[in-house]
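Put together the whole structure using the sequences plus the hints.
If you're matching positions, the sequence shown starts at 1 in full-length UniProt numbering and goes up one per residue.
No lab work stands behind these hints: they were computed from the structure.
Hints are supplied without guarantee of correctness; some may be wrong.
Stated by the list, open to error - Straight-line alpha carbon distances no greater than 30 Å define the calculated DSS-like cross-link-like pairs of lysine-lysine that follow:
hint : residue 1 : residue 2
1    : LYS176    : LYS208
2    : LYS201    : LYS225
3    : LYS263    : LYS225
4    : LYS263    : LYS201
5    : LYS243    : LYS201
6    : LYS176    : LYS263
7    : LYS201    : LYS36
8    : LYS243    : LYS62
9    : LYS176    : LYS2
10   : LYS62     : LYS2
11   : LYS176    : LYS243
12   : LYS2      : LYS36
13   : LYS263    : LYS243
14   : LYS62     : LYS36
15   : LYS243    : LYS225
16   : LYS225    : LYS36
17   : LYS2      : LYS225
18   : LYS176    : LYS225
19   : LYS208    : LYS263
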Amino acid sequence: MKTILITGASTGIGRATAERFFARGWNVVATMRTPKSEREHDRWLVTRLDVTDADSIASALKAANERFGRIDALVNNAGYGLVGTFESMDEARIRRQFETNVFGLMRMCRALIPQFREQGEGMLINVASMGGRLTFPFYSVYHATKWAVDGFTEALAFELAPLCIRVKLIEPGAIKTDFYERSADFVHDRALSAYNAIVDKGMRRMRKAASRGAAPEAVADAIWKAATDGSSRLRYVVGADAKGLLALRRVVPDGVYRRLIAKQLLG
1 MKTILITGAS TGIGRATAER FFARGWNVVA TMRTPKSERE HDRWLVTRLD
51 VTDADSIASA LKAANERFGR IDALVNNAGY GLVGTFESMD EARIRRQFET
101 NVFGLMRMCR ALIPQFREQG EGMLINVASM GGRLTFPFYS VYHATKWAVD
151 GFTEALAFEL APLCIRVKLI EPGAIKTDFY ERSADFVHDR ALSAYNAIVD
201 KGMRRMRKAA SRGAAPEAVA DAIWKAATDG SSRLRYVVGA DAKGLLALRR
251 VVPDGVYRRL IAKQLLG
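Here it is, written out as structure tokens:
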């Protein structure tokens, strides 16, 4: 029986993924910063894990291995969005965004790779975003983290393939989760009045677009496919918006694409 460890599993994509794998017979290690569980089962383990805390990572891996004997797959899902005007963001907020979305993800990979190498197999599944290959206004630092995850994951896949460790990249579009509310860190200094009108219009339109996004279960389905299809495929795009925008980005000139996005969100 295989075991999967999922970060950020308390809500949204992480919770839907945990439920999907549990329903299909896997052992599930659902990790979160504040553990809570509504299920008692021998295939279900909830434990504390904060990707910014190396000690909590070590403790969670120890608990998972003691309970299930091994870990076969890791889903790096923990993350959040720093959103707003870049001029309003202080360095501490920017560092926190990178610490969670990039360094936390890398920390998890670094913790599991030795175990996978010794096992002779394993799988790293990194949840990025369509925002790792295209951009929107007011998401500059968030995009920077997701572009970093995209590049890191693609490069890592090369070096781990000879070790029989598969690396996968999940690229959702807008998803109906609390990403745009509880999990978002919105920053805008209204004293910077030159931005106010475009921030109000842009964020209102972004939230409207997000309300039409796919359900988190769609991402869970993509993660299941990535974990079980046996292929060397790297990227799994989720959502009609992500598929459409990424296709558009490939075929139209840069200037045309940017004008289209600006018109839709700020015009």
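Hint check:
| no. | hint | in the structure |
| --- | --- | --- |
| 1 | LYS176 x LYS208 | 11 Å, holds |
| 2 | LYS201 x LYS225 | 37 Å, violated |
| 3 | LYS263 x LYS225 | 36 Å, violated |
| 4 | LYS263 x LYS201 | 11 Å, holds |
| 5 | LYS243 x LYS201 | 25 Å, holds |
| 6 | LYS176 x LYS263 | 24 Å, holds |
| 7 | LYS201 x LYS36 | 38 Å, violated |
| 8 | LYS243 x LYS62 | 39 Å, violated |
| 9 | LYS176 x LYS2 | 29 Å, holds |
| 10 | LYS62 x LYS2 | 17 Å, holds |
| 11 | LYS176 x LYS243 | 17 Å, holds |
| 12 | LYS2 x LYS36 | 23 Å, holds |
| 13 | LYS263 x LYS243 | 20 Å, holds |
| 14 | LYS62 x LYS36 | 19 Å, holds |
| 15 | LYS243 x LYS225 | 17 Å, holds |
| 16 | LYS225 x LYS36 | 27 Å, holds |
| 17 | LYS2 x LYS225 | 15 Å, holds |
| 18 | LYS176 x LYS225 | 20 Å, holds |
| 19 | LYS208 x LYS263 | 15 Å, holds |
Comparing the model with each earlier hint shows violations of hints 2, 3, 7 and 8; every other hint is respected.
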